[in-house]
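S.K.: Protein chains in written order, with my numbering: chain A, 1 to 341; chain B, 1 to 341; chain C, 1 to 341; chain D, 1 to 341.
Mixed in with the good hints, there may be bad ones.
[Claimed, not checked] DSSO-like cross-link-like pairs, simulated, lysine-lysine; straight-line CA separation at most 27 Å: (1) C/K213 x B/K23; (2) A/K23 x D/K23; (3) D/K287 x A/K143; (4) B/K280 x C/K287; (5) A/K287 x D/K143; (6) C/K43 x B/K27; (7) D/K280 x A/K148; (8) D/K287 x A/K27; (9) C/K213 x D/K228; (10) B/K228 x A/K335; (11) D/K27 x A/K48; (12) D/K228 x D/K287; (13) A/K280 x B/K143.
[What the hints assert, rightly or not] Every beta carbon over 10 Å from chain A, so not counted as near; a handful from chain D, in silico: (14) K23; (15) D24; (16) I86; (17) N164; (18) K213; (19) P215; (20) F259; (21) S262; (22) R286; (23) D329; (24) I339.
Calculated from the structure, these hints are not laboratory results. By construction, the Cβ of each residue, glycine as well, lies at the ideal position given by its N, Cα and C atoms.
Each chain, letter by letter, is given below.
Protein chains: 4
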Amino acid sequence: MNNIRICLIGAGRAGEVHGDVYKDYIKNSEITAIVDNNIEKAKSLAKKYNLKRSFAFHNLKNAIDNIKFDAVVVTTPTFTHPDYVIEAAKNKIHVFCEKPMATTTRDCDRMIKACSDAGVTLQIGFMRRFDPGFIYAKNLIDKGTIGKPIIIKSLTHGPGLPGNWALDIKNSNGMLAEVNSHDFDTIRWLSGAEYERVYAVAQNFNCAAIAKKFPDFYDTATVSLTLKNGTLGLIDSVCPCFYGYDARAEVVGSQGIMFIGSLQDSTTITCTRENSIVIKQTMSWRKRFHEAYVAEDRHFIECILGSKEPLVSGIDGKKAVEVVIAANDSILKGKPVNIDR
Amino acid sequence: MNNIRICLIGAGRAGEVHGDVYKDYIKNSEITAIVDNNIEKAKSLAKKYNLKRSFAFHNLKNAIDNIKFDAVVVTTPTFTHPDYVIEAAKNKIHVFCEKPMATTTRDCDRMIKACSDAGVTLQIGFMRRFDPGFIYAKNLIDKGTIGKPIIIKSLTHGPGLPGNWALDIKNSNGMLAEVNSHDFDTIRWLSGAEYERVYAVAQNFNCAAIAKKFPDFYDTATVSLTLKNGTLGLIDSVCPCFYGYDARAEVVGSQGIMFIGSLQDSTTITCTRENSIVIKQTMSWRKRFHEAYVAEDRHFIECILGSKEPLVSGIDGKKAVEVVIAANDSILKGKPVNIDR
Amino acid sequence: MNNIRICLIGAGRAGEVHGDVYKDYIKNSEITAIVDNNIEKAKSLAKKYNLKRSFAFHNLKNAIDNIKFDAVVVTTPTFTHPDYVIEAAKNKIHVFCEKPMATTTRDCDRMIKACSDAGVTLQIGFMRRFDPGFIYAKNLIDKGTIGKPIIIKSLTHGPGLPGNWALDIKNSNGMLAEVNSHDFDTIRWLSGAEYERVYAVAQNFNCAAIAKKFPDFYDTATVSLTLKNGTLGLIDSVCPCFYGYDARAEVVGSQGIMFIGSLQDSTTITCTRENSIVIKQTMSWRKRFHEAYVAEDRHFIECILGSKEPLVSGIDGKKAVEVVIAANDSILKGKPVNIDR
Amino acid sequence: MNNIRICLIGAGRAGEVHGDVYKDYIKNSEITAIVDNNIEKAKSLAKKYNLKRSFAFHNLKNAIDNIKFDAVVVTTPTFTHPDYVIEAAKNKIHVFCEKPMATTTRDCDRMIKACSDAGVTLQIGFMRRFDPGFIYAKNLIDKGTIGKPIIIKSLTHGPGLPGNWALDIKNSNGMLAEVNSHDFDTIRWLSGAEYERVYAVAQNFNCAAIAKKFPDFYDTATVSLTLKNGTLGLIDSVCPCFYGYDARAEVVGSQGIMFIGSLQDSTTITCTRENSIVIKQTMSWRKRFHEAYVAEDRHFIECILGSKEPLVSGIDGKKAVEVVIAANDSILKGKPVNIDR
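Using the sequences and the hints given, assemble the complete structure.
M.R.: Printed below as a string of structure tokens:
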């Protein structure tokens with residue numbers, strides 16, 4: 001069995017997270033190329049991964065023309081996803097695309113079609129679906145342990161803002177897209193239902209400087225959701241959040257309640273007179289979801305090798321984009337918005 | 001120092017909670033009369049409390065005419081509060097009134113004026129303000145431990161429905177009033193700000209039978225709130241909730257996060273192969289807030305003795321009524337509602 | 001029903017703990033006298049309790065000669081317990097005696113006999129038996145939830161040293177008596193068995209100054225116990241302990257495990273970047289066991305009024321003294337010691 | 001860089017744990033041979049790992065004669081460790097040896113010398129030293145967060161008995177060796193001191209049938225330890241333990257306390273009326289220490305590649321053997337035993 005050869009598109013933080021996983025944990029894979037329009041970043045990451053033939057490229061076309069690989073892992077800014085994904089698909093290259101999938105549902109449709117037409121795998125990066133705690137929770141819900149979900153609450157508070165390109169909501173769909181796509185996906189996944197209606201409120205508490213350039217920028221938001229099966233959803237969003245990286249969910253069922261995730265980084269607890277009982281909190285999504293990233297990337301390789309449909313599909317990516325757009329619309333209009341169809 | 005003599009108005013569950021506290025824990029007080037329009041319930045409770053002269057009355061007027069007391073504790077259905085409170089005030093009797101204070105803000109205003117005119121104490125039963133965990137949290141917030149509150153989430157899931165009179169929303173303002181008044185008060189108290197806008201969604205998952213008679217009845221709701229200082233609020237409500245009595249809050253601040261309350265009834269934990277790690281949950285508000293009820297009732301006596309203004313005033317009661325009415329309005333209209341003034 | 005009139009013997013910290021409880025929480029009781037050989041302390045506490053006739057006495061005889069009371073609460077240094085208890089009993093006065101009951105089992109026997117002969121109540125102050133968490137745990141054990149107890153671990157780490165009189169082990173039986181009597185009682189109570197054998201090791205880590213005067217003084221100890229039914233016990237002792245007041249137990253059963261108690265003072269949790277997740281720890285036994293003290297003192301009054309045998313008897317007090325003496329013997333000899341009989 | 005070729009000696013549970021890790025997680029390694037005196041087990045595991053040339057061997061000599069490899073991973077019964085390790089060393093093959101290292105300190109010395117003479121790596125399998133929670137705890141201790149350790153408590157309760165060969169204490173040193181070697185190593189590691197004295201008590205509660213054949217067999221034990229720097233230690237041991245796999249430590253320092261490890265298998269929590277609050281417990285050491293096994297095996301490869309001394313040396317292995325032997329001696333003699341030297 002030959003290794004699956006991977007081209008990383010995007011040499012930033014998220015690219016490195018996946019690169020490190022492929023390098024250290026996924027045996028039947030190898031990283032063979034890095035693409036980034038910042039060629040220096042691409043070269044730097046290539047060096048870290050000891051590429052046998054050091055191929056760092058400025059764009060995907062060059063990479064395809066010069067070196068063979070089986071799959072791309074796309075971690076560039078959201079608005080660049082469609083072009084990369086479609087170009088890869090046309091060249092019969094399998095695609096792992098980070099969330100948010102795109103900034104419009106039309107782009108999502110084009111990406112899905114391109115991959116489908118080419119017969120290549122398309123997996124979207126909702127890694128929480130590979131987290132042991134979330135999987136265990138989903139199994140318990142499906143077994144009926146807490147009855148039918150009636151309220152699902154999910155939150156992500158992220159410690160650091162994404163790149164400058166994301167500060168303009170028109171460019172990025174804002175923090176609800178960049179940070180809370182996961183929550184929208186989690187509620188949909190755990191409920192097993194589609195979104196019907198959304199009401200969102202946003203504030204900018206800590207980023208007055210950004211607001212000067214981008215008046216619609218928000219760093220704090222709450223979202224109230226209704227799903228087609230009647231389940232209610234609540235999301236709260238804070239980014240930048242100063243206390244750590246926080247990703248949790250709480251599911252109220254007709255017969256019980258469930259808590260998913262923890263802010264604790266460690267089970268080690270100390271107590272001293274001065275500091276009281278202290279537990280280290282999670283500071284980074286990279287560490288919080290390390291095990292999920294390994295499982296997600298392993299799954300991608302297994303889907304390619306086994307010609308299997310990924311657990312997180314283009315449709316899942318699109319549905320999160322759709323509801324995020326409606327939520328931003330609600331913020332701007334100050335009233336609830338129905339999800340189309 | 002003579003004991004403060006108390007007349008319990010309402011011989012139901014809430015009346016007994018306060019009665020038990022006065023009987024067993026509040027030394028400079030004594031229960032001297034019970035009023036309930038169900039005279040048998042009044043007599044039964046009178047017996048339990050070994051009233052020296054067994055005075056159980058059908059209405060407040062009879063009690064006032066026949067026996068002397070210094071204060072009333074009103075725990076009857078909400079819509080009866082204004083008449084009892086105003087009658088007590090006119091007779092220079094101090095008033096402790098359970099939440100919700102009334103069903104309209106106009107009634108609240110009348111109650112406040114009556115007590116003010118008579119110069120008697122008026123305290124409203126938001127006992128969470130006397131819970132050690134909530135007080136400690138409020139102190140930490142005020143000290144700035146987590147910075148300025150930016151999102152405050154509060155929930156109450158109650159195990160059992162209130163009396164039949166409460167099932168008609170027109171009569172009671174529904175579960176948001178009966179169960180979640182505490183959450184509306186908590187968010188206002190912790191934020192130190194007034195409400196500006198509310199959006200609420202409700203469902204009826206488990207009570208189809210009630211809906212036949214009262215189509216507007218809901219057993220599940222979510223509430224999205226904006227306060228005048230920008231703080232955002234979220235409430236979720238479930239009643240009846242089958243898993244226990246759940247009252248918790250989570251405050252996201254500009255510099256940190258805070259969790260208030262716990263579902264745990266005990267710190268005793270067991271683990272067996274069959275049942276895994278098990279901790280007994282709280283099943284009753286009486287037990288969950290026992291210490292708060294003692295402190296609340298002790299405070300009422302101290303206010304009377306010291307001519308002090310209670311920590312929870314009629315204004316606090318009215319503000320909760322006001323936002324609950326707006327939330328119900330939002331549910332019916334399907335859109336956000338501004339709080340007047 | 002007349003109030004039970006109480007004479008506090010001992011106006012120190014423990015005396016004030018019981019005094020405050022009787023004053024504020026136990027309705028059918030009143031404090032009528034204070035005895036302390038430091039008359040100023042007695043007077044000061046008498047003032048705090050607004051004694052109707054301000055009776056503070058230098059010794060018990062004077063109090064008995066001058067004022068009537070039904071019960072004494074003995075909280076003076078351990079070595080003074082026998083004389084006070086026996087004098088009270090001879091005067092037909094009921095006795096609540098703090099732990100440790102005495103410094104020798106012979107004294108315990110004399111105290112038990114005096115109370116028995118006089119027909120008065122004798123209750124020993126193992127308040128953990130009145131703590132809701134410990135009671136709940138005991139009930140679960142007796143129901144067989146975790147099978148038969150095979151290892152019981154109990155610890156007390158106390159923040160502050162007792163009075164100077166206690167630093168001489170010959171006078172006090174040391175910290176195992178003053179601080180860990182509770183643990184010895186807890187293991188015996190939870191196992192339902194008597195002690196057979198004990199091995200103890202002690203160190204002095206933080207109190208070099210005390211060791212100069214009292215070379216046998218220890219501030220840290222571990223105790224290994226065998227009970228007659230085969231159950232094994234472990235105790236660890238630290239006093240002074242700088243991080244708080246810590247009292248917990250862990251019971252391994254043949255079918256499961258149980259954790260009793262918590263170091264947490266509050267369910268309120270904060271998290272900030274600088275301090276991580278923080279929970280306030282318990283700093284004082286007075287607060288940790290407040291509810292237990294109320295229940296313990298209420299029980300004492302009920303036993304007097306109902307002529308009932310207290311849940312914690314003189315035998316319980318004696319058994320703890322017996323095993324503590326054996327443990328100290330083991331420390332000095334460096335080998336295990338059998339418990340007599 | 002060529003892969004490090006590994007020969008697994010022992011095709012049982014522990015062998016498979018390491019094999020799975022090498023197969024799935026350690027990129028610069030490959031499994032090239034399996035040795036087990038049960039050749040069918042060796043063949044079965046060889047098949048699972050898709051060995052390129054399917055080499056399963058009955059003994060190590062055959063393997064060495066027929067195939068090249070760089071390292072062995074020894075997971076066979078303890079008494080077989082010395083011969084395997086010494087034979088590997090003589091053939092210049094690196095050695096990873098599971099705990100307990102051997103059954104006598106003389107054997108440990110021979111193993112250490114053989115590896116030293118041959119200049120090969122010798123690493124002992126105390127994987128807790130690679131667990132993130134334990135490492136974090138060790139770092140905090142070394143930084144002085146809780147002051148100097150004064151009491152260290154460590155426990156292992158294992159769900160299942162080891163193989164029949166281990167039931168005879170003379171053959172295996174009993175459960176203190178098989179199950180609690182980790183605790184002896186943990187206390188020594190965290191304290192940074194050597195053992196001075198040990199007192200142990202043991203019982204057989206659940207395994208009467210085994211006791212018929214091996215009267216010295218125990219399934220429950222407590223151990224009291226004194227270290228040369230004065231630190232006190234306590235271990236409790238239960239195996240078989242019916243409620244799960246439990247491995248935790250508690251370190252009392254001169255300035256604070258620290259808790260290491262958790263019985264929780266998941267951060268997902270449910271609550272229902274019938275079952276109360278439920279958290280899944282850890283059932284297996286394989287899952288509990290999965291991350292530690294990956295880090296441990298990665299470290300072994302890095303030591304070989306970098307000619308580095310492993311973090312867990314033969315001396316560490318020997319010190320645990322030495323104190324376990326003294327503890328068993330204490331159980332049999334009923335008195336404390338000094339550790340030689």
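S.K.: Determine for every hint whether it applies to the structure shown.
M.R.: Outcome of the hint check:
Among the hinted pairs, C/K213 with B/K23 is inconsistent with the structure: their alpha-carbon atoms are about 52 Å apart, more than 27 Å. Taking the CA atoms of A/K23 and D/K23, the gap is about 14 Å. The hint holds against a cut of 27 Å. Proposed proximity of D/K287 and A/K143 is supported: the alpha carbons are some 23 Å apart, at most 27 Å. Taking the CA atoms of B/K280 and C/K287, the gap is near 22 Å; set against the 27 Å cutoff, the hint holds.
Restraint check for A/K287 and D/K143: the C-alpha separation of about 23 Å stays at or below 27 Å, so the hint holds. Distance restraint check for C/K43 and B/K27: the Cα-Cα separation of roughly 23 Å lies within the 27 Å cut-off, and the hinted pair is therefore satisfied. With a C-alpha separation of about 21 Å, the suggested pairing of D/K280 with A/K148 holds against the 27 Å cut-off. Distance restraint check for D/K287 and A/K27: the Cα-Cα separation of roughly 20 Å lies within the 27 Å cut-off, and the hinted pair is therefore satisfied.
For the suggested pair C/K213 and D/K228, the alpha carbons sit about 25 Å apart, so the restraint of at most 27 Å is met. A threshold of 27 Å between alpha carbons decides the hint, and for B/K228 with A/K335 the separation of about 18 Å falls inside it, so the pair holds. A hinted pair counts as satisfied when its Cα atoms are at most 27 Å apart, and D/K27 with A/K48 qualifies at roughly 16 Å. For the proposed pair D/K228 and D/K287, the alpha carbon gap of about 35 Å is over 27 Å, so the pair is violated.
With a C-alpha separation of about 22 Å, the suggested pairing of A/K280 with B/K143 holds against the 27 Å cut-off. Not every Cβ of chain A is farther than 10 Å from the Cβ of D/K23; the closest lies at roughly 7 Å, contradicting the non-interface assignment. Distance to chain A contradicts D/D24 as a non-interface residue, since its nearest Cβ pair spans about 6 Å, not more than 10 Å. With a least CB separation of 32 Å from chain A, D/I86 remains clear of the 10 Å interface cut-off, as annotated.
Every Cβ of chain A is farther than 10 Å from the Cβ of D/N164; the closest lies at roughly 34 Å, confirming the non-interface assignment. Every C-beta of chain A lies more than 10 Å from that of D/K213, the closest at about 39 Å, which supports listing it as non-interface. Every beta carbon of chain A lies more than 10 Å from that of D/P215, the smallest distance being close to 39 Å; the non-interface claim holds. Separation of D/F259 from chain A is inadequate, the least Cβ-Cβ distance of about 4 Å not exceeding the 10 Å criterion.
The Cβ of D/S262 does not lie farther than 10 Å from every Cβ of chain A; its closest approach is about 4 Å, which violates its non-interface assignment. The Cβ of D/R286 lies farther than 10 Å from every Cβ of chain A, with a closest approach of about 14 Å, so its non-interface assignment holds. Residue-level check passed: D/D329 sits 34 Å from the nearest beta carbon of chain A, beyond 10 Å. Consistency note on D/I339: stated as away from chain A, and its beta-carbon is indeed over 10 Å from all of that chain's, at 29 Å minimum.
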